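Same order as they appear, the protein sequences are chains A and B. Taking this note's numbering, the leading residue of the first sequence gets 1, the next gets one more, and so forth. Taking this note's numbering, the leading residue of the second sequence gets 1, the next gets one more, and so forth.
Keep in mind that the hints were calculated from the coordinates and are not lab data. Please note that a few of the clues may not be correct.
Footprint (simulated), chain A over chain B, 3 or more residues, beta carbon under 8 Å [stated by the list, open to error]: (1) 42-53; (2) 82-95; (3) 163-177; (4) 266-274.
Label-pair restraints from in silico Cβ distances [claimed, not checked]: (5) B:Asp13 x A:Arg104: 34 to 40 Å; (6) B:Asn7 x A:Pro31: 29 to 35 Å; (7) B:Glu38 x A:Ala218: 47 to 53 Å; (8) B:Gly64 x A:Arg27: 52 to 58 Å.
None of these values were measured; they are calculated from a predicted model. Even for Gly, the Cβ is constructed at its ideal location relative to N, Cα and C.
Protein chains: 2
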Amino acid sequence: MTTVRANIYAVADRAGVSIATVSRVQRGIGPVSAETRERVLRAIEELRYTPSGSGRALANQRAGAMGIVFPDLSGPYYSEVILGVEEEMVAAGQSLFILGTHGRDRCAELVLDLMSRVDGLIIMGRTVSDEVVRALEGGRVPLALLARPPVDGIPSVRAESLRPAIELTEHLLAHGHERLAFIGDPASSSDAEERWRGFAQALGDRAGEPFSAAFGEAEGRLAATRALATGATALLCASDELALGAYRAARARRLRIPEDIAITGWDDIQLARFVSPALTTVRQPMRELGVATARLLFERIAGAEPAATVLASDVVIRASCGCEPLSDEEEESHQ
Amino acid sequence: MTTVRANIYAVADRAGVSIATVSRVQRGIGPVSAETRERVLRAIEELRYTPSGSGRALANQRAGAMGIVFPDLSGPYYSEVILGVEEEMVAAGQSLFILGTHGRDRCAELVLDLMSRVDGLIIMGRTVSDEVVRALEGGRVPLALLARPPVDGIPSVRAESLRPAIELTEHLLAHGHERLAFIGDPASSSDAEERWRGFAQALGDRAGEPFSAAFGEAEGRLAATRALATGATALLCASDELALGAYRAARARRLRIPEDIAITGWDDIQLARFVSPALTTVRQPMRELGVATARLLFERIAGAEPAATVLASDVVIRASCGCEPLSDEEEESHQ
DNA sequence: TTGTAAGCGTTATCAT
DNA sequence: ATGATAACGCTTACAA
Chain A
1 MTTVRANIYA VADRAGVSIA TVSRVQRGIG PVSAETRERV LRAIEELRYT PSGSGRALAN
61 QRAGAMGIVF PDLSGPYYSE VILGVEEEMV AAGQSLFILG THGRDRCAEL VLDLMSRVDG
121 LIIMGRTVSD EVVRALEGGR VPLALLARPP VDGIPSVRAE SLRPAIELTE HLLAHGHERL
181 AFIGDPASSS DAEERWRGFA QALGDRAGEP FSAAFGEAEG RLAATRALAT GATALLCASD
241 ELALGAYRAA RARRLRIPED IAITGWDDIQ LARFVSPALT TVRQPMRELG VATARLLFER
301 IAGAEPAATV LASDVVIRAS CGCEPLSDEE EESHQ
Chain B
1 MTTVRANIYA VADRAGVSIA TVSRVQRGIG PVSAETRERV LRAIEELRYT PSGSGRALAN
61 QRAGAMGIVF PDLSGPYYSE VILGVEEEMV AAGQSLFILG THGRDRCAEL VLDLMSRVDG
121 LIIMGRTVSD EVVRALEGGR VPLALLARPP VDGIPSVRAE SLRPAIELTE HLLAHGHERL
181 AFIGDPASSS DAEERWRGFA QALGDRAGEP FSAAFGEAEG RLAATRALAT GATALLCASD
241 ELALGAYRAA RARRLRIPED IAITGWDDIQ LARFVSPALT TVRQPMRELG VATARLLFER
301 IAGAEPAATV LASDVVIRAS CGCEPLSDEE EESHQ
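Construct the complete structure from the given sequences, taking the supplied hints into account.
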């Protein structure tokens with residue numbers, strides 16, 4: 001089954017040349033006579049020769065690969081961001097390793113192992129602690145952080161959360177709400193934490209406490225139920241998924257959205273446009289987050305010291321906050 | 001910035017032993033005296049030594065990595081499947097490369113390059129032609145196919161489409177529909193092709209022609225508009241995204257779903273439960289597809305000749321076909 | 001128990 | 001224009 005692979009010596013033998021010549025022909029560099037090239041190419045073809053990645057990596061002293069460590073691939077957010085990274089990497093001729101931590105312990109070992117196979121590493125979100133990040137840095141290859149704040153000198157790319165959170169909270173206030181509640185766990189990620197901070201900042205001493213919930217529809221439903229029990233009339237949720245849970249909690253209580261209870265989300269997943277009423281939320285530039293992080297990593301590898309980047313996020317007003325629904329045309333223009 | 005990395009010689013020097021001993025200690029195999037081990041471990045720690053992946057791969061004659069080639073990461077389907085692959089790979093101690101083709105040409109080169117870095121490769125969907133697959137096989141490392149039919153002797157894992165397509169079509173027929181239309185492009189993937197075949201088979205000479213559309217909401221809307229113009233009263237869509245497009249086409253025509261027009265999807269994305277009316281669709285075991293393919297690949301690498309696998313898909317009846325909506329409790333039991 | 005030395009498959013520097 | 005040959009960093013007989 002596993003065909004024995006032809007190596008550069010086999011090709012050289014077959015073509016009656018040295019391995020150096022084969023290497024030159026293979027990579028299309030250096031001086032080779034047309035006739036020799038012809039012979040070598042034929043041998044390569046006949047033997048179906050492909051250079052070994054590890055041999056090449058060893059000789060080049062570079063793996064030609066990068067890695068990304070992410071918490072989970074569930075939901076549209078992570079996959080979109082990773083897709084951005086992937087496209088940028090491939091465009092730069094690099095292969096991309098992915099490693100999901102899935103809340104696993106011992107993932108530091110896995111990250112370390114991954115690190116030994118790449119020329120650069122992206123660490124996304126709350127996968128490993130700042131401590132581990134510090135330990136990793138300087139260890140082997142350059143790091144870039146994604147969707148988390150910089151750690152010491154290690155730059156990161158993330159989307160802004162504070163300003164949109166304030167804006168959204170003030171928007172709910174402007175709708176006349178007095179009892180607002182925050183659904184989400186500030187401890188779960190730096191993004192969630194910043195959204196909570198914006199909420200609290202806009203509300204001052206009226207902020208109360210967050211109704212803690214991990215990301216996820218079921219958790220959102222539970223937390224929202226608790227919030228509703230306190231008499232809240234507006235729910236600012238840290239993710240669209242949580243908001244969907246809140247929708248269900250509201251329905252279970254026979255509350256109308258937005259008349260009885262206003263709900264907002266975060267991320268602008270496809271679903272946000274389709275639920276009824278359409279969800280007011282915040283759009284993050286997911287793809288761009290990935291692209292920008294890949295570029296940041298390249299710069300670091302090249303020896304530059306790029307600054308941390310914060311990309312803009314935009315509040316998308318739809319109907320769940322109490323505003324008039326957007327027309328289809330207005331929706332289109334958002335795409 | 002890029003710290004020079006300590007290699008096995010540096011550690012050996014520091015500990016005053018040979019590189020063989022360092023290697024033994026590092027991997028925890030072979031006889032080493034407690035005292036020596038101690039010294040070596042200290043040196044490893046002080047120098048922050050991690051074995052080079054490429055050096056190791058070269059000496060071991062195995063990369064310790066696998067790869068997956070996928071068409072795109074958009075939508076929940078691909079990311080879920082890839083997540084299944086990733087988890088299984090990591091559980092088996094393998095790293096995972098991802099390569100998206102995004103409809104690129106010249107991706108055969110990229111695949112070839114990837115192949116030279118891995119011990120096994122998963123090829124998903126319509127990324128590369130059967131021809132290229134054949135050329136790849138036997139070239140270097142074992143292959144496993146995912147979401148496409150086996151090619152020659154190369155086994156694959158996929159979800160059944162024919163039976164559910166027939167079942168769904170008959171269900172629409174049972175609702176009294178006489179003019180059914182298929183939305184989707186049978187040429188876009190083997191899955192779509194099989195769904196069309198099931199549709200056509202159940203309908204016999206009443207099947208007509210498919211209203212071709214790539215996967216995607218916008219395409220679905222266009223194709224559905226054309227289908228509606230022919231007087232169709234039931235639309236079987238090859239994906240949930242297409243079905244969402246069909247929803248919009250129906251709304252634009254002021255048609256009620258399901259009273260005036262029945263619509264079904266495929267995939268059971270999260271959205272399917274939230275649109276109104278809830279979407280009747282077909283659920284594929286996405287995660288399991290990934291897991292099963294990873295296992296298949298491992299078996300092949302181990303020298304076995306595993307058979308192709310077809311996993312079951314289930315029709316999920318909701319409201320868009322004309323049935324009574326499921327209660328929340330019934331929904332839960334589906335999860 | 002430890003060390004020596006021969007690969008593993010490339011690239012790159014010299015000679016020729 | 002081509003060919004020896006020495007890295008690259010590791011694993012693994014085989015010797016001591």
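Here's how the hints hold up against the structure:
Restraint check on the segment 42-53 of chain B versus chain A: 5 residues with Cβ-Cβ distances below 8 Å, three needed, restraint holds. Taking a C-beta to C-beta cut-off of 8 Å, the segment 82-95 of chain B contributes 6 residues in contact with chain A, enough for the three needed, and the coverage statement holds. With a threshold of 8 Å between beta carbons, the proposed coverage of the segment 163-177 of chain B by chain A is violated, since 0 of its residues qualify and at least three are required. Restraint check on the segment 266-274 of chain B versus chain A: 3 residues with Cβ-Cβ distances below 8 Å, three needed, restraint holds.
Take Asp13 (chain B) and Arg104 (chain A): their Cβ atoms lie about 36 Å apart, and the range 34 to 40 Å holds. Between Asn7 (chain B) and Pro31 (chain A) the Cβ separation comes to about 34 Å, which falls inside the hinted range of 29 to 35 Å. Range check, Glu38 (chain B) to Ala218 (chain A): about 50 Å between beta-carbon atoms, so the 47 to 53 Å window is met. Here the CB-CB span from Gly64 (chain B) to Arg27 (chain A) is close to 25 Å, at odds with the stated 52 to 58 Å.
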